[in-house]
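Enquirer: Given the structure of chain A, go ahead and fit chain B onto it with the hints provided.
Quick mapping for you: the protein sequence lines, in order, are chains A and B.
Under the numbering used here, the first residue of the first sequence is numbered 1, with each subsequent residue one higher.
Under the numbering used here, the first residue of the second sequence is numbered 1, with each subsequent residue one higher.
These are computed hints drawn from the structure, not numbers from a lab.
Using N, Cα and C, we set each Cβ at its ideal position, and we do this for glycine too.
Among the hints, a few may not be true.
Derived Cβ-Cβ restraints for the label pairs, each shown as a range [stated by the list, open to error]:
no., chain 1, residue 1, chain 2, residue 2, range
1, B, Gly-15, A, Ala-200, 55 to 63 Å
2, A, Ala-201, B, Ala-85, 17 to 25 Å
3, B, Gly-129, A, Ser-60, 38 to 46 Å
4, B, Leu-133, A, Val-137, 36 to 44 Å
5, B, Asp-64, A, Trp-20, 18 to 26 Å
6, B, Asp-64, A, Val-172, 55 to 63 Å
Anything over 12 Å on all C-beta distances counts as not near chain B; from chain A, calculated [unchecked claim]:
no., residue
7, His-28
8, Leu-72
9, His-159
10, Arg-197
11, Val-212
12, Ala-272
Single-letter residue listing:
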Amino acid sequence: MSQTVTLARCRPRRRSWPAWTALADALHAEWTKLRTVPGTGWILAALCVLTIGVGAGTDSATRCATGVGCTLDTTRVSLTGILAGQAVVAVLAVLVISGEYSTGMITATFTAMPRRPVVLAAKAIVLTALVLAASVVAVAGSLLAGRLLLATNGLTAAHGFAVVSLARGPTVRAAAGSVLYMALIGLLSLGVATIVRDSAAATGAVLAVLYVAPIAALFLGSNPVWQRRVERYSPVNAGLTIEDTTGLRHLPIGPWGGLAVLAIWAAAALVAAGLQLRLRDA
Amino acid sequence: MEATIEVTGLRKRFGATLALDGMSFTVQPGQVTGFVGPNGAGKTTTMRVILGLDAPDAGRALIDGRPYPKLQRPLSRIGALLDAAALQPGRTGRNHLLWLAHSQGLSGRRVDEVLEQAGLASAARRKAGGYSLGMRQRLGIAAAMLGDPPVLILDEPFNGMDPEGIVWMRGFLRSLAAEGRAVLVSSHLMSELQDTADHLVVAGRGKVIADATVADLIAAASGDRVLLRTSGRTEAMTVLAHAGATVAATGRDTLTISGLPAERVVALLSEAGVPFSEVSAHRASLEEAYMELTRDAVEFRARPAEEAAQ
Chain A
1 MSQTVTLARC
11 RPRRRSWPAW
21 TALADALHAE
31 WTKLRTVPGT
41 GWILAALCVL
51 TIGVGAGTDS
61 ATRCATGVGC
71 TLDTTRVSLT
81 GILAGQAVVA
91 VLAVLVISGE
101 YSTGMITATF
111 TAMPRRPVVL
121 AAKAIVLTAL
131 VLAASVVAVA
141 GSLLAGRLLL
151 ATNGLTAAHG
161 FAVVSLARGP
171 TVRAAAGSVL
181 YMALIGLLSL
191 GVATIVRDSA
201 AATGAVLAVL
211 YVAPIAALFL
221 GSNPVWQRRV
231 ERYSPVNAGL
241 TIEDTTGLRH
251 LPIGPWGGLA
261 VLAIWAAAAL
271 VAAGLQLRLR
281 DA
Chain B
1 MEATIEVTGL
11 RKRFGATLAL
21 DGMSFTVQPG
31 QVTGFVGPNG
41 AGKTTTMRVI
51 LGLDAPDAGR
61 ALIDGRPYPK
71 LQRPLSRIGA
81 LLDAAALQPG
91 RTGRNHLLWL
101 AHSQGLSGRR
111 VDEVLEQAGL
121 ASAARRKAGG
131 YSLGMRQRLG
141 IAAAMLGDPP
151 VLILDEPFNG
161 MDPEGIVWMR
171 GFLRSLAAEG
181 RAVLVSSHLM
191 SELQDTADHL
201 VVAGRGKVIA
211 DATVADLIAA
221 ASGDRVLLRT
231 SGRTEAMTVL
241 AHAGATVAAT
251 GRDTLTISGL
261 PAERVVALLS
271 EAGVPFSEVS
281 AHRASLEEAY
291 MELTRDAVEF
301 RARPAEEAAQ
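Same shape as in the complex, but just chain A:
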């Protein structure tokens, strides 16, 4: 009995789980990469400025004749800039992977870290952290701008509109959800860019994913069945329902359900990307 105990003590402790060590190393490396390339800071700043700027512009241009059944969702109007800011998120995501393919640095990356799916996971985590941080600023700024600017256009509580306020449950959900939306757009873009590899092609592919379906939905008015399908299942249309705070019953898909559709798209893109990293030569 005592012998068994001694043996157990002598056995080398196997605390470091290789997969975990590999991920920790990869996270450290990917973080160092992103913070030592000059573009990252600018892109994150652009993300905030563009989102808040487009939101503020829309706020000041939005007017509603009072009492004519105008049903504007003030929160959603304030968050209009997300539609522009997501392009910046996509650009950052493409940079994270395609930048390495275009310079050839990807060979150094995969030589240093041969477990390619682990590298992709590390890139995804670092990208998500940065996008979340910047999006909190962008969304907070957008809501603040909406609160200040929409009131000057008469979209006030006195006229029956909900003032943009984090005291309102649905607005809190829209705000938090929009931050998550941006992170998911980043992951979807990272997956697509990893599959496409080439910078220019990846940027094109990602922007097409982000903007073709929403634009198509606008022109599908004559075909309500397809319009509804696009609104329910395209990543951007479905995902953006997270911004809605009024008229939820008439939405093609519920806010969290919509965000889940986007999450499924992002997960599928990342899984496909991980598989092709394993199967294709670097």
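Expert: Chain B only, in chain A's frame:
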């Protein structure tokens, strides 16, 4: 077990091109192994397979008996320089090494050590995009040395280096081997390896054509030829041909003779009264040995001048 690279029966096809056609060789510790061959011989593809970047259709490459993807923190087992130009131009040289170091659990202190070793310390905080090709090669060397690995593979490390850099690189490769490391260096120019490599693997059309020590290769290419310098070229040719030698005119007053030892040549010419100013045993350069070996394996070749003129 000593650190080695073992490549066995690698085959790899890219579309219609057969890049590797049964490539096999071993790299031993304590020596510089030159990996030479014409462009398209499969040198870079072999190295990419060793590093786990490309998957072979058949065969395998092992480092210390293990395939590359199975190595943990691989840079401390094997260091590599593949394409020195492959880095993000906006990042400083030091930061390029820093992310590599972090990927292996190494610190910034190690980065400064290898920068010093590669002679790049003064340029470390400049953007890598502004580096000359020679400086990028040094950065690549620094990256390969990060994990202080017992095995190194370097693809064309002399490319773009100035004469001073080439001398430095030769000394550096020699010192790595002297420390007992296994060093595999590819080059398409044999002269670069003349005084550096101990062993040569000559590749052509995706397989190994010759795998021997440098001394053996030169001896084989030299044969028993004798070089003769004479003002009476025609007479000398007649005399020597009568004695059973094969004689070739290699210049206006020089002949290359095979089939007769040098002493016999001297005796014959003196007997016949043919003047000569020099008789020497011909020693092939590594370059000639290489040309001989790869003649049939060159993928793209210019037609000889006479042929083109016809």
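Enquirer: Okay, which hints does this one fail, numbers in order?
Expert: 1 and 7
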